[in-house]
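Undergrad: We have chain A; now place chain B with the ligand onto it with these hints.
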Amino acid sequence: MNRFAELLDRLAYEPGRNNKIRLLVGYFRETADPDRGYALAALTGALSFKHAKPGLIRDLIAERTDPVLFGYSYDYVGDLSETVALMWPKSSSAHHSESFLGHPSPHPSPARGEGAQSLCSPHNDVEGIDVSERRTTGQAPSPLRGRVGERGIAGEIAVRFYSRTTTRLPQHWPTSSPHCARSARLSCRRSLRAGWTSSTRPGAGRC
Amino acid sequence: MVGMRPQDILIPVPAGLCCKPGGFHIDPVRPVERALITHGHSDHARAGHGAVLATQETLDMMRLRYGENFAGSVQAVAYGEEIRLGDVTVSFHPAGHVLGSAQISVTCKDRRIVASGDYKDARDPTCAPFELVPCDVFITEATFGLPVFRHGDAAGEANKLLASVKLFPERAHLVGAYSLGKAQRVIALLREAGYDAPIYLHGAMEKITYYYQERGIALGELRPVRGMKKAELAGTITLAPPSATSDVWTRRFPDPVTAFASGWMRVRARARQGGIELPLVISDHADWDGLTATIAATGAGEIWVTHGQEDALVHWCKSKGLAARPLDLVGYGDEDEGETAATTGEAQPAGETKKP
Ligand SMILES: [Zn+2]
Numbered sequence: 001m002n003r004f005a006e007l008l009d010r011l012a013y014e015p016g017r018n019n020k021i022r023l024l025v026g027y028f029r030e031t032a033d034p035d036r037g038y039a040l041a042a043l044t045g046a047l048s049f050k051h052a053k054p055g056l057i058r059d060l061i062a063e064r065t066d067p068v069l070f071g072y073s074y075d076y077v078g079d080l081s082e083t084v085a086l087m088w089p090k091s092s093s094a095h096h097s098e099s100f101l102g103h104p105s106p107h108p109s110p111a112r113g114e115g116a117q118s119l120c121s122p123h124n125d126v127e128g129i130d131v132s133e134r135r136t137t138g139q140a141p142s143p144l145r146g147r148v149g150e151r152g153i154a155g156e157i158a159v160r161f162y163s164r165t166t167t168r169l170p171q172h173w174p175t176s177s178p179h180c181a182r183s184a185r186l187s188c189r190r191s192l193r194a195g196w197t198s199s200t201r202p203g204a205g206r207c
Numbered sequence: 001m002v003g004m005r006p007q008d009i010l011i012p013v014p015a016g017l018c019c020k021p022g023g024f025h026i027d028p029v030r031p032v033e034r035a036l037i038t039h040g041h042s043d044h045a046r047a048g049h050g051a052v053l054a055t056q057e058t059l060d061m062m063r064l065r066y067g068e069n070f071a072g073s074v075q076a077v078a079y080g081e082e083i084r085l086g087d088v089t090v091s092f093h094p095a096g097h098v099l100g101s102a103q104i105s106v107t108c109k110d111r112r113i114v115a116s117g118d119y120k121d122a123r124d125p126t127c128a129p130f131e132l133v134p135c136d137v138f139i140t141e142a143t144f145g146l147p148v149f150r151h152g153d154a155a156g157e158a159n160k161l162l163a164s165v166k167l168f169p170e171r172a173h174l175v176g177a178y179s180l181g182k183a184q185r186v187i188a189l190l191r192e193a194g195y196d197a198p199i200y201l202h203g204a205m206e207k208i209t210y211y212y213q214e215r216g217i218a219l220g221e222l223r224p225v226r227g228m229k230k231a232e233l234a235g236t237i238t239l240a241p242p243s244a245t246s247d248v249w250t251r252r253f254p255d256p257v258t259a260f261a262s263g264w265m266r267v268r269a270r271a272r273q274g275g276i277e278l279p280l281v282i283s284d285h286a287d288w289d290g291l292t293a294t295i296a297a298t299g300a301g302e303i304w305v306t307h308g309q310e311d312a313l314v315h316w317c318k319s320k321g322l323a324a325r326p327l328d329l330v331g332y333g334d335e336d337e338g339e340t341a342a343t344t345g346e347a348q349p350a351g352e353t354k355k356p
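Protein sequence lines correspond, in order, to chains A and B.
Numbered according to my numbering, the first sequence terminates at residue 207, and the numbering increases by one at each position without gaps.
Numbered according to my numbering, the second sequence terminates at residue 356, and the numbering increases by one at each position without gaps.
These are computed hints drawn from the structure, not numbers from a lab.
For glycine and all other residues, C-beta sits at the position ideal for the given N, C-alpha and C.
Just to be clear, a hint being listed does not mean it is correct.
Sample of chain A residues facing chain B (criterion: CB under 10 Å; computed from the structure) [what the hints assert, rightly or not]:
no.	residue
1	R10
2	G16
3	V68
4	L69
5	K90
Isolated chain A, as found in the complex (with noise of 0.2 Å):
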């Protein structure tokens, strides 16, 4: 997905019809099925995006970030999708890799400053995901956690869309590796469903 969003900016932000033609040739040689049969529907608006409403995404990001940080950043860059894919929280093993601090990010320290206590650490607040929640369920944080956040928007809307469970979002994550394996692909695949999406978020869509 990456590479087919890398694709489409490459495509919009050349002038030359040749050098268009030669971003495709060079996309469809390189990249393997299924991607490409899926780039080539998209491509040729052989893809319907009918679950992908603005209000939709606009309820999806709503439960994963701040809302006067989502205004802020809707001010900023003008479009309601490229927002949320840039806002979308990341994996936790995608998270920050190159940082020096190290990641998950510690605490900040409690001797310090008024109101420290009440701190949590801001790599859960970005990774949005109510941790808390999973948290409170009294399940040992799995080592598989960091699927959960590899879910972009498209595979949420999938969630919504395609499962049983229409309005939340499943209390109990799947700790079994097949299961979480199937979610995985399944999330890759609607992520190409809904090309629109997640497109120049590092990590998106990764498979």
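TA: Relative to chain A, chain B with the ligand alone:
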């Protein structure tokens, strides 16, 4: 001493951040008697101060840009060295932003404020890595202080550029990059990715890039693009200041692919605005995750936010229970403007004139 407030130690004034008990300013935007400079970018390091205290690299960069007499007197400080100034103790610590960049720690009666200047916590082969300095008050930039700015993996961006060079071997690739820091980091990333062909430099890049090499930063074979024939530039990569990539200067290149290495390239409208064909998200500033993780890791209970998206970062701090406020400092953010305008002339081919 109990009751000493942070603003008694450092306070924003029109000239910049002023330390009254120490008798100096940090990164002043107007000439002052004594200046402590965090790094060599032109919006932080200006000429005309009475005395300047900075790292050796920053002093050298100021000398390269402004000439020998850029200050009345200078003193070089090593990372970690403590210096007593008036009633305060100062020390410089790596900021990971560009070569020689420093956070400045100011301690007065056990209360420590860290003015971080510009910084990043991501890996950079061309400068010392960011050092975490625990403090009571942390002064942070907010250049990329919105959650849409997440820079990702810079090595991947370098590979993107190399893939394009491979796909279009008959075209030249022109990479816009700030001449101090960004350009050298891009070159180093290309070398790490295995690219060993000569890399060409716009005239405005030469002095500072050769300085990096003198300081032991391995950048491989570099050549001035000046004097090259058009056909010879097919399949090559040239680094140029951002303003030059939209200039008539680009006519010397065969069907150039215009790239721009910047954190701003994360947002499409910014890339389109600049007529960029190949946006490369490579930044010398911390992204949103880097800013918030760093703020938390300093342990500071109070955060002062300057140049950039102050409001969003202040909001985030407050939502985490930290005291936070924007600092009204003006004059920062145009890292490269002055020097680009001043030096593009030398790279002009004869008979072509620069756009006004
Ligand atoms: Zn700077």
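Undergrad: Any hints this thing doesn't respect? Which numbers, in order?
TA: none
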